[in-house]
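Asks: Given next are the chains, with one letter for each unit.
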Amino acid sequence: MDRVIWLIILPLLTAFSLGLLKLYFKRYFNYIIIISSTVHIILAFVVANQAIKEPIVYNLGNWSPLLGITLVIDSFSALFLLAIVTLAYLVTIYAIKFIKRDKLKYHTLSLLLLTGAIGIVITGDLFNLYVFFEIVSISSYALAAINKDKESFEGAFKYLILGSISGILILLAIILIYQSTGTLNLAQAAVKFKEVPRNLKVTILTFYLIGFASKFALVPLHSYLADVYSKASVTFTALSSGIVLKTSLYALIRIVYILFGVEFIIDSGLQDILIYWGTLTFIAAHLLAYQQNSLRRLLGYSSIAHMGYIIMAFALANKGGIIAGSYHLTNHIVMKGALFLATGIFIYNLKDDQISKLKGIGKTLPYSSLIFTIAALAIIGLPPFNGFVSKWLIIKQVLEANYSIPAFLILIGSLLSLIYYLRVIKELYSKANDDKSLVKEPLILKLPALTLGLFCLLLSLLPSFAPKLLETLPEFLIKQNNYINLLLRR
Amino acid sequence: MRRIYILALILILASLLFFTFYDLLHPTEFETDKTQISDYYIEHGVKETGAINLVTAILFDYRAFDTLGEATVIFIAVSAISLLATKERVLVSNTNFSPIVYQGISFIIPFLYILAFYLIFYGHLSPGGGFTGGVVIATTFVLLKMTFGIRYSREEKSLQRRSLIESCGAIGFIIVGILGIVRGDSFLANGQAGFDLGVAGQLLSAGIIPILNLFTGIKVGSGLAIIFHRLVREE
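Protein chains in written order, with my numbering: chain A, 411 to 900; chain B, 12 to 246.
No wet-lab data here; the hints were simulated from the structure. Model, not experiment: these values are computed from the prediction. Some hints could be false.
What the hints assert, rightly or not - Once the Cα atoms are required to be at most 30 angstroms apart in a straight line, the calculated DSS-like pairs of lysine-lysine come out as:
no. : chain 1 : residue 1 : chain 2 : residue 2
1   : A       : K507      : B       : K168
2   : A       : K515      : B       : K45
3   : A       : K558      : B       : K45
4   : B       : K58       : A       : K515
5   : A       : K436      : B       : K168
6   : A       : K510      : A       : K560
Stated by the list, open to error - Sample of chain A residues lacking proximity to chain B, with all beta carbon distances greater than 12 angstroms (derived):
no. : residue
7   : A425
8   : S427
9   : L476
10  : I503
11  : R511
12  : D512
13  : K558
14  : Y588
15  : T591
16  : G592
17  : L594
18  : P607
19  : L610
20  : V612
21  : N759
22  : N895
Unchecked claim - Beyond 12 angstroms from chain A on every Cβ pair, some chain B residues (computed):
no. : residue
23  : K45
24  : S49
25  : G56
26  : T60
27  : I85
28  : I185
29  : I192
30  : Q203
31  : F239
C-beta atoms are modelled at their ideal positions from N, C-alpha and C, and glycine is treated no differently.
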C-alpha cells in the first residue's frame, strides 16, 4: 500500500540529496543515479501491475479524501506511469554520458521533473495537480536553457512567458471550481459540479483548455515549442515531448472526463471543437515540419502533429477512442524518444543537427541511423510498426463517429510526414563526399536508443499480449461515477 | 498596425472575462454546503492537529503534501537560478555608508534572527510559520551583503554551504514525512501516526507541525539567500 507514495518520495529524496552525496561520494555519482532510477522503475512496474488488477487509493496523512489529499491510480494512470518512468529511465542512462556540463544540476532537475510528472498522473486533488504542474513547468524551463547559449535562452524565455500565462489560467479555473463547489477533491467536485450553472462551466472549461493546450502545443499556441527544441539538449527534448506534453494532456483529459463528464463533452460541442482543432493542429504542424532544416525542430513539429491526433481520439468520448488515444500516446512516447536519442548520437558526433549535414552518416553510424529509420517509419505509420496499428485504430474510430473529412485528412497528414521523414532517411543513406573517420557510438548512448527502437516493433503486439490493460483503460474515465465511488469510497 | 490588432484582441478578451466574472460575483452569499469543509476545519482543526493557528494546521497537516510541493518549487527555482546565473566574478561593493548604517545594521541583525525563529517556532500558535520565518532569515543575509559588500573569494564557498543547508532542510521535511510510514501510518501523518499532539496552545504541541516548520524555514531561508547572491550585481 505504501509503495504508491515511494513513487514520489524516491526521486524527490534522490534529487534533494544529490548535492550532499556528490560532496562525499563523488566517484560513485553515476552509480547512485543508476541505482535510484533502477529501484524506481521496478517500483513503478510493481505498482502499475497492482493498479491494473485493482485501482489503488492512498490517503496522505490518513485524512479522509475530503479533508486531505488523495492519490489514485487506475489503469489509465498506470499506463501513463509505466510509459513515463520507462522513458525517463532510458533517458537518464543516456544522459550520464551525454550531459557533460552541469551534471549535478541536470540530474537534480530531471529527477524533479519526473517527480512532478508522476504527481500529475496519480493525484486525485485539483490543487495538488496544480502544484505538480508547476514543478514540471519550472524544472522544464531550467532544463530548456541548460546549454546556456543565446538561442536556448531565447527559447526558454518564450517558454517561461507562455507557461506562466497558462499556469495563471489553470489556477483561475481551480479558484472558480473551489468557489462554486467548495472542494478541491476531484471526485467531490465532480459530484457538486452538476449543479454549477452552464456558463460558469464553459468559462472553467475554456480556462483549462487554453491553459493546458498551450502547454501541449495545439496549433495557434504552439509557437514556443520549436524555438525551445531548436537548441536544447536532446535529453530534454525527449523528456519534454515524452513527459511534459503528455502529462499536460493527461491532466486535461482527466479533468474533462471526470469533472465535466462524457455527456457534457458531446452536448457542449467540445467534441467538434477538439476534433477540428486537432485536425488543424496536425495539418499545420506537418506543413511546418516539412520546411525545417534542423532535425530537432522537425521532430518538435512532428510532436505537435501527434498531439493533434491524440486529442482527436480522446475527443470522441467513447471506449474505442480512449483506447486508440492512449495506445497512440504510448507509442508516440516510445517513437519520439527513439528519434530524439538517435538524433542525440548524430549531434554527439557532428555537433550539429542540420539535415543537409547528415549525408552519408548511415555508413559511419550504422546503429543510430537504423534506430532513426525504424522509429521514423513507425511514426509515419507504416506496418509492421506500432505507429501503424494505433494510427489505424484512430482513423477507424474517427470514421465510426462520422467525421469522414478529419479521418481522410489523417491519411494526408501521414503522407506529408512520409515526405519529410524520407528526406532525412535519404540523406542518412546517400553517399558521403568526405570520409568521416572520427565517429563513434558509445554503448551507453546506443543501448537506450536501441531499447526504444525495439519497443517500436514490440508495442505493435500490445493489443494481443495485454488486452486486459487496454480493456480496463476507459473504465474509470468514461463513467465518472466509477471514479467518484472509487475515490470517495462509496 | 500590429499593436492596434493586439490591443483590440486584448480588449475583446478582457471584456469577455469581465462579463463572465460580473455574473459570477453577484450572489456572494455562500451557501452552507459550499463551506462544509472550511466549517469542518474550523470546528475540528484544533482538536485534530493540535495547532491553534488553523492556517498552519491546513498547510502542514491536512495538506502538508502540497506544502512539500511548494517547497520543491522553491528548490527548483534556486537550482535554476544558480544554474543559469553563474557569474565569473562579483564586483566588490565600494559604496561607503555612514557609520550609523553600519552600526544600525549590526545592531538589528540579532533581533531579526530572534524574530525569524519566533515566527518559525510559534508557527502553530500565532501567525507566521516556516515560509515567513525563512524569508526573515534571508533578509538578514541581504542586509549584511548590502551594507558590508560582497567579496567574491569567500562567496562560492558560502554559497555551496548554503545550498547544502537547503538540501538538508528539504531532506528533513521528507524524513519527517517518512516517519509517519515507519510508525505504521501514511506519509506525512501527524496525529494518526501516534505523534503526541500535546495540549493545544503550548509551545511543544501539534506533533510534527513545528518540526516541519523548522525544516521549511531552513530551506526557504537559505534558498532565498542563494537567489539573492546569484542575482545581485553592482554597477
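Asks: So which of the earlier hints does this model not fit?
Replies: Structure breaks hints 2, 3, 4, 7, 8, 9, 11, 12, 13, 14, 15, 16, 17, 18, 19, 20, 23, 24, 25, 26, 27, 28, 29 and 30.
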